Amino acid sequence: MKNIMEQTIVIKPNAKTITVLKKMVVEKEKYRKIVLAKIEKKEK
Amino acid sequence: MYKYNALEGNYPLFSFSTKHGLNYYVAFRKMDFENPFFDNLYSFDFWEMNSQKFLKDNAIEATIIQIVIDFFKLNPSCLLHYICDSMDEKHNFRSKLFKKWYDKSNKEDFSKLNIEFKIDEIESYNLEFIFNETFYTFESVKENVLSQLEDFSNYK
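Chains A and B, in that order, are what the protein sequence lines are. Under the working numbering, the residue at position 41 of the first sequence is numbered 41, and the numbers go up by one with no gaps. Under the working numbering, the residue at position 79 of the second sequence is numbered 79, and the numbers go up by one with no gaps.
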């Protein structure tokens, strides 16, 4: 039987986890730049 | 809702233009971890090409929600995640939109796990997951996500 739910957990991260989270955000931004660079190149 | 286009790329990528001349991209970036539990993990993101401010336009939200719905139709077993930080000015809009999609979805199938990493009163990170309970149980996602973050934190 499925147990559908929504839950929010609040965590106080340690320094290493903060570094991991920051890296994830940086990777997200990096991917946006890659996509935009490819689109701009294609448009030229 | 605006008509959207699928673009060529390494990962699923979609775009649409608004009546105000804004160009949006919606990306589903496939994540690769050694942990097989995350074999079908996609990182969801969307942005305006020139980082222009969001104009009040309900069709933007409707289009992005439709793209997510269509993505899940094609990839029902995907584990969709989204990360945002409080320093991003559009953080709340993105998080609310992700929640709106979830609220509009068929809740007989989908669960949502939100993890808020609260650094202090100002800075926080939100890591959110949406998945179909046919393929994942809530507890297994929670357990694997927390364990994976722990592993990442232990990397030198």
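Honestly, the hints are just simulated from the structure, not real lab data. Quick caveat, the model's predicted, so the values are computed rather than measured. Yeah, the Cβ is synthetic: ideal placement off N, Cα and C, and Gly gets one too. A portion of the hints provided could be inaccurate.
Computed, partial: chain A to chain B, Cβ under 7 angstroms [as the list claims (entries may be wrong)]: (1) M5; (2) L21; (3) V26; (4) Y31.
Okay, derived cross-link-like pairs now, DSBU-like style, lysine-lysine, Cα gap no bigger than 30 angstroms in a straight line [stated by the list, open to error]: (5) K33(A) - K56(B); (6) K142(B) - K38(A); (7) K19(B) - K118(B); (8) K28(A) - K41(A); (9) K118(B) - K38(A); (10) K41(A) - K3(B); (11) K118(B) - K28(A); (12) K12(A) - K30(A); (13) K99(B) - K142(B); (14) K142(B) - K42(A); (15) K41(A) - K100(B); (16) K73(B) - K28(A); (17) K96(B) - K30(A); (18) K118(B) - K73(B); (19) K3(B) - K23(A); (20) K3(B) - K42(A).
Going through the hints against the structure:
Interface hint at M5(A): satisfied, since its Cβ lies 5 angstroms from the closest Cβ of chain B, which is below the 7 angstroms cut-off. Residue-level restraint check for L21(A) holds (minimum Cβ-Cβ distance to chain B is 4 angstroms; threshold 7 angstroms). Checking V26(A) against chain B by beta carbon gives a least distance of about 10 angstroms; that is not within 7 angstroms, so the hint is violated. At its closest, the beta carbon of Y31(A) sits 5 angstroms from a beta carbon of chain B; the interface hint therefore holds under the 7 angstroms criterion.
Proximity of K33(A) to K56(B) is assessed by CA-CA distance (about 25 angstroms); at most 30 angstroms being required, the pair is judged to hold. Between the alpha carbons of K142(B) and K38(A) the distance comes to roughly 36 angstroms, so the proposed pair goes past 30 angstroms and is violated. For the given pair, K19(B) sits about 38 angstroms from K118(B) by alpha-carbon distance, which is inconsistent with the 30 angstroms threshold. Between the alpha carbons of K28(A) and K41(A) the distance comes to roughly 20 angstroms, so the proposed pair stays at or under 30 angstroms and holds.
Annotation: proposed proximity of K118(B) to K38(A) is violated, straight-line Cα distance about 35 angstroms (limit 30 angstroms). As the CA atoms of K41(A) and K3(B) are separated by approximately 24 angstroms, the hinted pair is consistent with the 30 angstroms bound. A distance of roughly 20 angstroms separates the Cα atoms of K118(B) and K28(A); the hinted pair therefore holds under the 30 angstroms criterion. With a C-alpha separation of about 26 angstroms, the suggested pair K12(A) and K30(A) falls inside the 30 angstroms cut-off, and the hint holds.
For the hint linking K99(B) to K142(B), the alpha-carbon distance of about 18 angstroms falls within 30 angstroms, and the restraint holds. A threshold of 30 angstroms between alpha carbons decides the hint, and for K142(B) with K42(A) the separation of about 41 angstroms lies outside it, so the pair is violated. Restraint check for K41(A) and K100(B): the C-alpha separation of about 35 angstroms exceeds 30 angstroms, so the hint is violated. A hinted pair counts as satisfied when its Cα atoms are at most 30 angstroms apart, and K73(B) with K28(A) qualifies at roughly 24 angstroms.
Between K96(B) and K30(A) the CA atoms are separated by roughly 23 angstroms; this keeps the pair inside 30 angstroms, and the hint holds. Taking the CA atoms of K118(B) and K73(B), the gap is near 34 angstroms; set against the 30 angstroms cutoff, the hint is violated. Our distance criterion of 30 angstroms between C-alpha atoms is broken by K3(B) and K23(A), whose separation comes to about 33 angstroms. Restraint check: the Cα-Cα separation between K3(B) and K42(A) comes to about 21 angstroms, which is no more than 30 angstroms; the hinted pair holds.
Of the numbered hints stated above, those contradicted by the structure are hints 3, 6, 7, 9, 14, 15, 18, 19, listed in ascending order.
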